[in-house]
Amino acid sequence: MGWTVDFGDVKQIFEPIFKSIDHHPLFEVEGIRDGDTASIAAWVFENAARKPPELTQVDLYETPGCGSILAIDKDGPILPI
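Following full-length UniProt numbering, the numbering of the sequence shown begins with 1 at its first residue and continues without gaps.
Any given hint could turn out to be false.
What follows is a set of in silico ranges between Cβ atoms, one per label pair, in the way DEER data are often shown [as the list claims (entries may be wrong)]: (1) T4 - D36: 27 to 35 angstroms; (2) C66 - G8: 28 to 36 angstroms; (3) D6 - F27: 17 to 25 angstroms; (4) D75 - E28: 19 to 27 angstroms; (5) G65 - G35: 30 to 38 angstroms.
Taking lysine to any residue and the SDA-like style, the derived pairs with C-alpha atoms no more than 25 angstroms apart in a straight line are [stated by the list, open to error]: (6) K19 - D75; (7) K19 - G67; (8) K11 - A71; (9) K19 - A38; (10) K11 - V58.
Note that these hints are calculated values from the structure, not bench results.
The structure presented is a predicted model; accordingly, all values stated were derived computationally and were not measured.
Think of the CB as a built atom: it goes at the ideal place given N, C-alpha and C, for glycine as much as any other residue.
Modelling step: build the complete structure from the supplied sequences, incorporating the hints.
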């Protein structure tokens, strides 16, 4: 089940996250293990999860059809069946 969030609120929450990685070498960003989409998605989730408690998923794509989806709920990681 989903719901709508005002884009202005989303932008305000994620702007500091974007600024900390935009035009910065990823290996210099503290907390990003590797430069792959899974590591970056996990880092984004960890940094954003403190702000909107309803955040349960981060989708990050390098190209159409190629990327990572990280989904976590209150009980832990959500694995595909």
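Hint-by-hint comparison with the structure:
1. T4 - D36: 27 to 35 angstroms: At 31 angstroms between Cβs, range holds.
2. C66 - G8: 28 to 36 angstroms: At roughly 30 angstroms between Cβ atoms, G8 and C66 fall inside 28 to 36 angstroms, so the hint holds.
3. D6 - F27: 17 to 25 angstroms: Cβ of D6 to Cβ of F27: about 34 angstroms, so the range 17 to 25 angstroms is violated.
4. D75 - E28: 19 to 27 angstroms: 34 angstroms, violated
5. G65 - G35: 30 to 38 angstroms: Hint violated: Cβ distance 19 angstroms, outside 30 to 38 angstroms.
6. K19 - D75: Violated - the C-alpha atoms of D75 and K19 are around 30 angstroms apart, more than 25 angstroms.
7. K19 - G67: Holds, because 21 angstroms separates the two Cα atoms, which is no more than 25 angstroms.
8. K11 - A71: 20 angstroms, holds
9. K19 - A38: Holds, at about 19 angstroms.
10. K11 - V58: Holds. K11 to V58 sits at ~14 angstroms (cutoff 25 angstroms).
Going down the numbered hints, you'll see the structure goes against 3, 4, 5, 6, while the others check out.
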